[in-house]
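Using the sequences and the hints given, assemble the complete structure.
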Amino acid sequence: MDQEAEITREKRSAWLVRFGQPKIDPPVATAFACIVVVLAIGSIFSRNFLSIGYLLQQLQVASFLGVIAAGAMVVILAGHIDLSIPWTLTVGAMTATAVAANTPFGDAGGIVAAVLVGTIVGLVNGVGAAILRVPSMIFTLGVNAVLDGLVVLYTGGFAPRNAATRFMNRIAVGRSILDIPNAVFVWIGISLIVAFMLRRTPLGRYIYAIGNSEGSVYLSGVNTRLVLIGAFIISGIGNCLGGVLLAGYAGQAYQSMGDPYLLPAIAAVVLGGTDVLGGRGTYLGTVAGVLLITLLGSMLSVMQIAEAGRQIAYGAAIVVMLLAYGRSPQRRE
Amino acid sequence: MTVPDGTAGPIGRPVLWEAHGITKRYGGVVALENVDFACSAGTIHAIVGENGAGKSTLVKIMAGVVRPDAGEIWLEGRPATFTGPAAAAAAGMSCVFQELSLLPHLSVADNIFITNPPRRWGLINVTAQRREAESLLAKLGWPDINPRLKIRDLSLSRRQIVEIAKMMARRPKILILDEATSALAAEDVSKVFELLLRLRDEGMTIVYISHRLNEVDRLADLYSVFRNGHHVDTFAKGTRTHHQIVQLMIGRHVERLFPPRPGYVAGGPPGLQIRNLNWPPRLANISLAVGCGEIVGLGGLDGQGQRELLLGLFGVLRQLRGAVEIGGQPRRIGSPAQAKSSNNRMALIPEDRKTEGLVLSLPVFENISLSSLRDLTTGVWIDRKKEANRVDAIVRRLQIKVGNVGAPVGTLSGGNQQKVVLAKWLLTDPRVVLLNDPTRGIDIGTKQEIYQLLRNLADEGAAILFYSTDYDELIGCCDRVLILYEGRIARELTGSDITETNIVAASLNVHSPLPAAVAGE
Amino acid sequence: MTNVRLLLRYNQSLLLAILLFLGLYGTYVELQPRGYDAFIANSNVNQGFGIAMVSMAQTVPVLTGGLDLSVGAVMTMVDCLASVVLNGSPLQLAWGLFVCLAAGLGCGLVNGCIVVYGRIQPIIATLATGAIFMGFALVLRPSPGGTVSGALSNVLTYELGDALPAALHARLFNYIPMEFVLLILVVVVVWLPFRRSVIGRGCYAAGSSENAAYVSGVNVSASKLSAYAMAGLLSAIGGIFLGLQTQSGEANLVQSGLLTLNSIAAVVIGGTSLVGGVGGCVGSIFGAYILTTINAMLQVTNTILWVIPASPLIQPLFEGVVVLFAVSAGAARVFWVRNRLELLR
Chain A
1 MDQEAEITRE
11 KRSAWLVRFG
21 QPKIDPPVAT
31 AFACIVVVLA
41 IGSIFSRNFL
51 SIGYLLQQLQ
61 VASFLGVIAA
71 GAMVVILAGH
81 IDLSIPWTLT
91 VGAMTATAVA
101 ANTPFGDAGG
111 IVAAVLVGTI
121 VGLVNGVGAA
131 ILRVPSMIFT
141 LGVNAVLDGL
151 VVLYTGGFAP
161 RNAATRFMNR
171 IAVGRSILDI
181 PNAVFVWIGI
191 SLIVAFMLRR
201 TPLGRYIYAI
211 GNSEGSVYLS
221 GVNTRLVLIG
231 AFIISGIGNC
241 LGGVLLAGYA
251 GQAYQSMGDP
261 YLLPAIAAVV
271 LGGTDVLGGR
281 GTYLGTVAGV
291 LLITLLGSML
301 SVMQIAEAGR
311 QIAYGAAIVV
321 MLLAYGRSPQ
331 RRE
Chain B
334 MTVPDGTAGP
344 IGRPVLWEAH
354 GITKRYGGVV
364 ALENVDFACS
374 AGTIHAIVGE
384 NGAGKSTLVK
394 IMAGVVRPDA
404 GEIWLEGRPA
414 TFTGPAAAAA
424 AGMSCVFQEL
434 SLLPHLSVAD
444 NIFITNPPRR
454 WGLINVTAQR
464 REAESLLAKL
474 GWPDINPRLK
484 IRDLSLSRRQ
494 IVEIAKMMAR
504 RPKILILDEA
514 TSALAAEDVS
524 KVFELLLRLR
534 DEGMTIVYIS
544 HRLNEVDRLA
554 DLYSVFRNGH
564 HVDTFAKGTR
574 THHQIVQLMI
584 GRHVERLFPP
594 RPGYVAGGPP
604 GLQIRNLNWP
614 PRLANISLAV
624 GCGEIVGLGG
634 LDGQGQRELL
644 LGLFGVLRQL
654 RGAVEIGGQP
664 RRIGSPAQAK
674 SSNNRMALIP
684 EDRKTEGLVL
694 SLPVFENISL
704 SSLRDLTTGV
714 WIDRKKEANR
724 VDAIVRRLQI
734 KVGNVGAPVG
744 TLSGGNQQKV
754 VLAKWLLTDP
764 RVVLLNDPTR
774 GIDIGTKQEI
784 YQLLRNLADE
794 GAAILFYSTD
804 YDELIGCCDR
814 VLILYEGRIA
824 RELTGSDITE
834 TNIVAASLNV
844 HSPLPAAVAG
854 E
Chain C
855 MTNVRLLLRY
865 NQSLLLAILL
875 FLGLYGTYVE
885 LQPRGYDAFI
895 ANSNVNQGFG
905 IAMVSMAQTV
915 PVLTGGLDLS
925 VGAVMTMVDC
935 LASVVLNGSP
945 LQLAWGLFVC
955 LAAGLGCGLV
965 NGCIVVYGRI
975 QPIIATLATG
985 AIFMGFALVL
995 RPSPGGTVSG
1005 ALSNVLTYEL
1015 GDALPAALHA
1025 RLFNYIPMEF
1035 VLLILVVVVV
1045 WLPFRRSVIG
1055 RGCYAAGSSE
1065 NAAYVSGVNV
1075 SASKLSAYAM
1085 AGLLSAIGGI
1095 FLGLQTQSGE
1105 ANLVQSGLLT
1115 LNSIAAVVIG
1125 GTSLVGGVGG
1135 CVGSIFGAYI
1145 LTTINAMLQV
1155 TNTILWVIPA
1165 SPLIQPLFEG
1175 VVVLFAVSAG
1185 AARVFWVRNR
1195 LELLR
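Protein chains in written order, with our numbering: chain A, 1 to 333; chain B, 334 to 854; chain C, 855 to 1199.
If you're looking for bench data, these hints aren't it; they were derived computationally from the structure.
Keep in mind that a hint or two might mislead.
[To be verified] Short, incomplete list of chain C residues facing chain A, as computed with Cβ under 8 Å:
id: 1; residue: 986
id: 2; residue: 1168
id: 3; residue: 1187
id: 4; residue: 1198
These numbers come from a predicted model, not from an experiment.
In this text, a Cβ means the ideal position worked out from N, Cα and C, and glycines have one as well.
This is how it looks when you write it as structure tokens:
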């Protein structure tokens, strides 16, 4: 009898080891369901909403948001939030285009420079949140303002000559394989890296654990400050790479390029089922959230609803999602 | 023991509050099971029982903080259901809890009249409030507490007094005190007792919960014993001996089995050596040594520096002065990560397993491997097969009762949760093991398994330092016991000197042996 | 300790903020190239009035231990609303004022309900509602425009002397900015009664220890709801005055974000703790004026710290750095907390 129980237990742990938790989170399932609904509504207003060409284009636009949302998700999982997305993105894009155009390092140098900038910004954010213990949403808002000021100073009030290089244009807009936009491959690459990191590396485990209970992780002998700084660095790099892609898409890096991306990025993460307090969420959910937000925006466009409507829609979507899945437990014991 | 409503209770007074069939469960744990209880006017009714007996749960139900899953409650002969603490307070139930309900940033006067302040034109009348607070405190016997002070500036003892004053301001019908005197200085305890006796004579109903039988003897007219969520017995003062009461609290006469102590023989450098550890105001010049293979216990009243000593050794405290040596080598330990490192190999089983030892929503196996993930990686990835094997092995070695190691650790019972914490640290192969009250709130069976585990660890050469609030544990497990008092080592006991009398005496910083009655024997 | 010393100790952050403000403003007056007069005083007060209002708005939710990231959006939305309804005859003006205040209060109540009854974290909830309110602002004013009553603006944005009929005139009143009077009015009529009410004190209690407050019988839900409602109302007052000062409405996303960020910085400078339980609106007003004075100083000097040349280009960076430092002020705690575990709670 004992042996049987033993064998069953071994089988079960072996299965868990191979497949992880078997079920899909309800919020992720809801997100995918909403995608279907949005596709349906969109197709009512526009004949080619469901055409392959249009959908591929949506995927392309989603890729830009996806790269940014990946980084945002990591920080939120760790129990913090990075609100410096708009200007980190812009600074990253401007650095890349400037380095690519004006130095002998060329395109590769530009991208390396962008990654470097993202690392530095992430480092600053991480120090503020993890070492100085300033609430991260406030600190990153402040860093955002400082970066804004830096860009104003750098551009000298003129529209900068930050044209994107051909390479950047190619990875953002070009299509190489099967007519699928290159940007999508960039998103897939980043997604694989982040998803693997979260599921299969110690860093990923620490991030989830810290998002739940930093005190316990600290007392377990983990250097929680370093992990948090790492999470912010990942976010910073994600933002800068997103900026490079956006610069490629728009043909140049320009001052207000980052502003429209803060809310959608956070919304994508939240709608994908990641708990805004940290510690819970899957990367698949974030992918679903990114697709949903992108399609939602396009749906509103074909319905001829102005920018104002988009803001209201995103905000309302976050609130509704949170009301459904993000509520704190009731006070009663 | 049921008392029909309206008629006189066991000592002839009218019943004020009674409950029948109260049951309350938290998840899978039964806190109260089919409990009947009644208290009468003009009596001090003591509730005694071990930790986890259900006393606090009953009190929370009385105070309206928690609703019972089943059962009925009557107040003054009429059925009563409270929707929350405010409703219970309005009905006349006043409760002084262990965790104080004071607001640290507000003043004494504000706290006392937090729900019903004197008003003028709809707004709080600050001067009248202050004056009323002053007169109330004076009437209760503490005229020297300044009502303008913020609570955070008061000592723990004073805060407890303010808490009592706050309850008195509501003119309660029933006053409940749950371990209310635990933080009080000696002279304040006497004053509180005088106050309670005076109130009883004036006709107030008082329910007094404590595990200190000697205190209860000074006050109570009626005793109720709870055990494992059941109301076991109620009797008048003087009708049972302490021995009988303790028997009722414990239940069947359980011989707590401790693994035999081989008797420590010193040899080689001590596993852990501390010289002049200082951390004002909590630690004052502590020096001690724990040999490899020795189990040293820390005793003493709560809050004498035991927690700070363990946290300090583990690298959590800043500005800690003094020298620490591990295995004969001087070491600087600046963080738990450093303490855990392969140079030091220290482990700490912390005080509160739910918020300090475990990540409750993560699976059992992730909690177990949390401290040793480095060893389980190949390159950057975690080797899941290796992890599963390690986890399975330690789960079996510690006999952790878990159906599926992928379930969140929060679903396990308290004893098994503590075993998970131990499993986590055992996987790091520690040389020095620190434990902060590891068996608090755990069932007897698991306790014994933990004792055996500690003895095995010691036999394998680890140096073990552990703080316990349980005298039996200190006597049964330790080769040596150090009693802390106000941050210094008041006394060191070895071998046959480790007795309850000596421990209690040293804890109270009394140098002559106490009479057996006070020591609770 | 004597009661006077106690009073000083418990209000030390506020006193520090007041001293800092006086010091800075005094320096600013000194730096004036063409001397100081009532006109400059008036424009100083007006420059900071909006931020002062939005900082007061931010203070109340912060006292309960939360945060309201939608205050800038509410203020912007009410500004746009004012550019639509705040025109015409005195009766229409009165109605317009009522509509604007009601709109702000309504936004605040929505926030409060989502946080209290929805039990959603305030930061993310108000981030989302802020977007919704900004959306409404864009619906009202897709592009900058509209008009706000010039007559009302004349009365409320100049000196007190200009506002009062000749009979009540006194020479002194020519030197007192009207918005200064209104500031004091808001504090006396709105803030002080709220602070002294049971619900207002409940906000402090909730921020100090929400558990203890609940167990003590404090109506935490009502207090938190009222905190966000107050934030909405005060933001609305700020929005009305933004409209009066600019005489138009503009749904400017960037400006809205800056207002929110500055409100947080002002709250911190003014001595209110971000974890709740300590502080007040008066401190936040001083915090707001400290920020605007620093920025105003930049416009009258040639160099920052005698080294960096001051130019309009460096202004946003300077403002950003000041704000970053201000909100990091709470980091001081890291240096004197001696048990690292406490920092992680």
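Output the indices of the hints that this structure fails to meet, ascending.
No hint contradicted; all consistent.
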